[in-house]
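**Q** Can you make the complete structure from the sequences, with help from the hints?
2 protein chains.
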Amino acid sequence: MTGTPEQALPPGTREHLMSPVTQAALRIQNSITAGTREYLGMNGFVELQPPLIGPVTDPGCRGAKQVDVDYYGHKYKMMTSVILYKQASLLAFDKIFYVAPNVRLEPLETATTGRHLVEFTQIDVEVARASREDVLDLAQGLLRHVVTYTLRESKMDLAALGRDQDAFTPLLEEDFERMTHQEAVSRLRGLLHGQSADAEIDWQGERIISGQTNRPFFIVDYPKGSRGFTDGESSTEPGVLRNFDLIASDGFGELCSGGERTHEYRRLIERMRETGENPAKYAWYLDLAREGLPPSAGFGMGLERVTRYLAGLDAVWQANAYPKLPGIAAP
Amino acid sequence: MTGTPEQALPPGTREHLMSPVTQAALRIQNSITAGTREYLGMNGFVELQPPLIGPVTDPGCRGAKQVDVDYYGHKYKMMTSVILYKQASLLAFDKIFYVAPNVRLEPLETATTGRHLVEFTQIDVEVARASREDVLDLAQGLLRHVVTYTLRESKMDLAALGRDQDAFTPLLEEDFERMTHQEAVSRLRGLLHGQSADAEIDWQGERIISGQTNRPFFIVDYPKGSRGFTDGESSTEPGVLRNFDLIASDGFGELCSGGERTHEYRRLIERMRETGENPAKYAWYLDLAREGLPPSAGFGMGLERVTRYLAGLDAVWQANAYPKLPGIAAP
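If you read the sequences in order, they're chains A and B.
Just so you know, we're using UniProt numbering here: the first sequence kicks off at 1 and counts up by one.
Just so you know, we're using UniProt numbering here: the second sequence kicks off at 1 and counts up by one.
Keep in mind the hints are simulated off the structure, nothing from the lab.
Straight-line distance between alpha carbons at most 25 Å, and here's what the computed DMTMM-like set of lysine to aspartate or glutamate pairs gives:
id	chain 1	residue 1	chain 2	residue 2
1	A	K155	B	E38
2	B	K65	A	D68
3	A	K65	A	E274
4	B	K95	A	E38
5	B	K281	B	D58
6	B	K77	B	E47
**A** Listed below in structure tokens is the structure:
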């Protein structure tokens with residue numbers, strides 16, 4: 001990564017598709033999805049085909065707007081993530097994943113962050129009766145497997161992009177560090193970044209803290225109020241969420257978010273009210289919760305972000321054949 | 001298949017997800033996608049992640065309506081198929097495929113056909129400089145590989161669903177027959193089905209003709225007017241399209257549609273005008289065609305339809321975790 005993208009916005013469709021950088025990035029992305037399927041398959045996961053629209057979608061998508069669609073006279077939404085479906089799918093299988101496309105109308109000012117796409121793909125994993133610590137281990141295992149797979153299968157493309165394979169040695173050799181949200185806030189303030197103690201680590205903060213290390217790491221225990229109702233609250237430390245982000249090394253920022261889920265009907269209603277969501281909208285999901293959803297934990301890993309990190313690209317749009325950036329009309 | 005579905009519409013989400021039939025069908029579907037990736041990977045194809053929305057989508061979706069979305073003030077459509085993107089993607093790679101979700105607002109009367117879903121997944125394949133005959137062979141090879149893979153990997157689930165594995169012997173042993181659209185029309189009229197000679201074989205016709213055989217077969221050479229502008233017209237037989245459908249045996253009907261594509265700018269404009277499409281809407285695609293798109297052929301295979309056929313299910317909704325049927329509100 002050069003730090004400052006040479007080209008902040010994609011060129012035209014023809015030039016983008018014919019670029020050797022795009023082609024190498026898309027072949028590397030193929031290794032990432034293949035490695036993901038191999039690892040999760042070996043570990044007993046069933047892959048499901050993703051839904052695109054529904055009566056409601058993930059409420060917790062930080063400042064982005066949802067897309068409305070008219071579904072035979074019903075007001076539906078395009079998925080911003082399949083989180084609600086992941087929880088419901090555990091009624092069929094204990095371990096499931098989706099490679100799911102999502103659409104989020106991100107604010108215009110994120111067009112040149114190198115980290116935001118309106119249309120993007122998420123590797124969405126959920127495990128019944130798992131704790132956050134179980135899925136921290138799973139996310140670490142998955143990323144390490146995917147890196148090993150990609151270093152083997154996409155050697156030529158990584159070399160063509162000038163990606164130094166030694167950059168992944170610390171990732172492969174040692175466990176990922178785990179720090180709390182509070183520690184991350186202190187660290188950022190020490191680096192003179194004005195990070196709020198009550199909110200998500202902002203993307204500039206993630207870039208800064210990510211630039212301080214040569215190995216991905218976890219931030220855990222986000223404060224209530226910083227995330228949507230699906231993130232489970234600690235029963236022993238009220239106000240602390242049993243969630244996490246996985247942050248890449250070398251300035252590439254967030255790769256993955258997850259945690260334990262709220263799953264009990266009564267708690268869901270409370271958390272919806274606290275986060276300003278109207279329970280009436282979530283009828284299908286709350287009906288399932290009333291009759292019982294398994295407790296679970298899981299995560300969503302951004303495919304273009306992981307591709308960017310592995311390929312050492314400046315921007316996520318380089319990892320998408322038809323990139324859509326906030327506010328910019330594109331096919 | 002029992003012929004008349006015992007249950008024409010899905011039960012509630014909980015019952016559907018907890019049904020052993022659903023669970024077996026979804027595991028079989030996993031074998032189908034894994035077998036597809038194995039076969040196409042061995043044959044040099046690159047898989048791309050599907051776009052969901054764009055300025056335009058496939059015009060040729062037979063009576064179904066498209067879904068509008070507001071994209072930063074631009075009127076976009078949800079994909080009804082990724083056909084235009086498949087052609088464009090050949091600027092990057094000669095052989096590509098997508099496992100792509102699509103949304104088509106099908107007419108209400110198709111809710112109980114057992115063959116229509118509003119949200120469904122298509123295995124979308126395209127090959128630069130291929131002829132229709134090349135992709136007929138490819139579609140046959142793919143289906144045979146997928147059947148072999150699934151018979152091996154999903155033996156228990158097929159048995160649990162009562163699917164007779166011997167049903168696939170003719171498919172695996174002999175090449176698929178190829179008949180023209182004209183021959184199919186004659187055959188249907190001989191069976192007292194009032195099939196129009198100028199139109200698509202209707203779904204009732206497909207079921208009838210599919211019920212006459214124990215091996216999938218191709219219908220080729222649909223008449224111009226029955227399909228959208230993307231289907232290429234024969235240069236030696238004007239009015240005849242260089243396309244095909246792949247029809248399953250035993251009454252399961254259509255699995256796959258494809259053919260050679262219109263790719264020259266001038267011909268695209270002519271064919272758009274003939275089929276009542278406004279070229280101005282297709283600016284991004286026509287810009288690429290003006291500078292040159294490779295000639296190509298390909299096909300789209302309906303994943304839920306193939307799952308239904310392999311699993312011997314009554315209806316496609318049994319092959320989807322969150323089935324959406326025309327006109328019926330569902331998650």
